[in-house]
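Sequences are here, hints too, so could you generate the full structure?
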Amino acid sequence: MTTAANATTIAHLADAPAEDRLASAVALVARQFPDRTAIVANAGGDSRRVIDYATLAAAITKLEAELAGARPVGIVARAKRVESLVVIAAACGREHVPVAFLAEDARDLVGELRDWLPLDDSLTLPPTAAAGPRREFETVPPQVVVATSGTSGPPKLVDHSWDSLLAAARLAEQWHGRGWLLVYDATRWAGLQVWLQALLTAGRIVVPASRDPDLVAKACLDEDVSILPATPTLLRRLITSGDRAAVSTMKLDRITLGGEAADAQLLDQAKALFPNAKITHVYATTELGEVFRVTDGSAGFPAEWIGKQLPGGARLSMRRDGELLVQLSRDTAEVATGDLVERRGKRFEFTGRRSDVIVVGGAKVFPKRVEEILRGVPGIAEARVYGLPSAITGELVAAEIVVHEPLPAGTTPDQVRSAALAICRERLEPHAVPRLLDFVKKLATTAAGKIPRR
Amino acid sequence: MTPLDAIAAAIRTVLHDTGRDAAAIAPEMLLAADLGLDSLDLAQTIVLLERSLGVDPFRAAPAVAPRPAIRTVSDLVSIYSAAIDSPRSHTP
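Protein sequence lines correspond, in order, to chains B and H.
According to my numbering, the stretch in the first sequence is residues 22 to 475, in order.
According to my numbering, the stretch in the second sequence is residues 5 to 96, in order.
It should be emphasised that the hints constitute simulated quantities derived from the structure, not laboratory data.
There is no bait here: all hints are sound.
The calculated label-pair distances, taken between Cβ atoms and stated as ranges, are: (1) Ala-354/B to Ala-36/H: 48 to 54 angstroms; (2) Ala-26/H to Thr-432/B: 21 to 27 angstroms; (3) Lys-83/B to Arg-63/H: 54 to 60 angstroms; (4) Pro-31/H to His-425/B: 39 to 45 angstroms; (5) Arg-63/H to Ala-465/B: 20 to 26 angstroms; (6) Arg-55/H to Arg-70/B: 41 to 47 angstroms; (7) Gly-382/B to His-20/H: 18 to 24 angstroms; (8) Pro-148/B to Arg-55/H: 52 to 58 angstroms; (9) Pro-148/B to Gly-58/H: 48 to 54 angstroms; (10) Arg-63/H to Glu-325/B: 44 to 50 angstroms; (11) Gly-318/B to Pro-31/H: 55 to 61 angstroms; (12) His-20/H to Ala-465/B: 26 to 32 angstroms; (13) Ser-78/H to Gln-290/B: 47 to 53 angstroms.
Ideal placement from N, C-alpha and C gives every residue a C-beta, glycine not left out.
What follows is the structure, encoded as C-alpha cells:
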C-alpha cells in the first residue's frame, strides 16, 4: 500500500487549523484511496468489522450538516464504537462545536456539561436539538473535554484545545499508512492520541476484540499491526502470559509505552522479544499532555534532564520529597505531577505515584518496588501490590500474583509462594513484605490498562 | 471451624509466612511474649481471620469504643466469638 501520492499533502495538514485537521485528513485519504481500511473493530474476534475511509468521510460530512443546522452548545460523545467517536470528533472540530469524551467511569460528570447534547452510535442528534440552546458566538476556539483516568483519584474533566490534543501527533512520512493497535479506551487521552495519530497519517486503527494476550497477538498478525502503544501492564501481560510462539511472530517496529512507569526488566524483555522494534516510553498526563519521551530503552530518564529545558519546551524539577514538577513553558505555572522519582546512578527512575504509597504503621511502601521484586521470582509472571486497610497498622501490603502456566516441572504454587516471601524478606524492610499473597488467574486492570492500587 | 481453630490456623500461617516455626498454639499463650507476634503479625492475622470467619471485629467496632486488651490467644477467641454472635458485624 503506497502513501507516496499524498505524503506531501499530509505534511501540509499541519498548516490547517487544528480543529479541521482530522476531518481534512480523512477526506483527503477518502478521495485518493476510498477503499482503504481506516478501522478494524473486533479484530481477532468473531464479529470483525472493517470501516473504510470513504464510509468514514461520508458519515463525517453528514454529521457536519446536522451540527451546522442545530448549532448545539456542545456534544457529549456517548458512542461506544471507535468509528462513531472518530466521526463525532471530526465533525465537531470542523463545525467548531465543543466536544466531550467521557469514559465509562466518568459518566457522572456529565452534569458539569449542562445543555450539551448526547450523541450515541446512531450519530443522529436528538429531535429536541433544534429547540435547545444554540451557540451565538464563535469567540473562543472549540475545546475538547477529556476525563482523567481516575487511577489515583476520582476522574475529573479537563479542557483541551485542538492544538494541545494534536500537539504530539507526528505527520512525517515515516508514520504514514501504518497499522496501529488500539488497546486503550478510545475515549481517554491515551486512546484519543492513538486513533488521532493513525487517522491523521492515513493509517489503520486495529481494535482487538479483547485484551486477551493471544487474541491481541493474533489481531496484530492478521491486521498487519506494526505500532503498539500500550501501558507497561498490558505489554507485560502480552509478553508473560501470551503464547510465546504467537507473540514472537508479531512484526512490531514501534512500541510506545505510557500511562505507567516502564521498569528495566520489562524493557529488557521487550527488547529481547522484539529486537527490531524501537521502544519508547512517553511521559504524559491527561492534564499536561505529552511532556517528554525517552527513546534510549532504559528505565526512567537521564539525570541531567532535571533543571534543564527539554526539546519540547518543558522544564523538569523535583521537590525535596522526590515529586516530579513540570513547567510546560516559561509562561505557565509549575505543576506537581504526583509522580515520585529517585536518582539511581545516571538516571532518575520512577518509584510510583504519591497516592499509591502504602503507609504501614507510619512507614512508606512503594508498591512498584515490591512488584518488581515479585516479578523477579522464578515462576511469577505478573504481580499487583496494593494497600489493604487495617485497624492495627493503618494499611497492610497485599499482593496478587499470576504464575507462569505451566510452572516448571516439579514446582508447586506453594513453593513459589514461599520463595516469593523469602526473597521479599531478604530484599525489603519487614513492613514492606506482603502480608497477603493471593494467586489469581489474571490481574485486574483499570479501563485505562493500568494496575489498580486500591 | 471453631474460632480457636481458625485463630490457631491463622497464627500458624503468619509464623510460617514470616519464616518462623509454628509451635503448638494454646489459648493461654501470650501473643507477643510466647508467640512473638508484633503489630504487623496481628494485622495479618486479622485479615486472614476475616477470610476464614467472615468477620473483622476491629473494623466493625465503632472507633470510639475502647478496644479490649488483646494479650492472649483466648482474648482473640472471645472477641471473635462475640463478633460471630452479633450478625451486624459480619462483613458484607
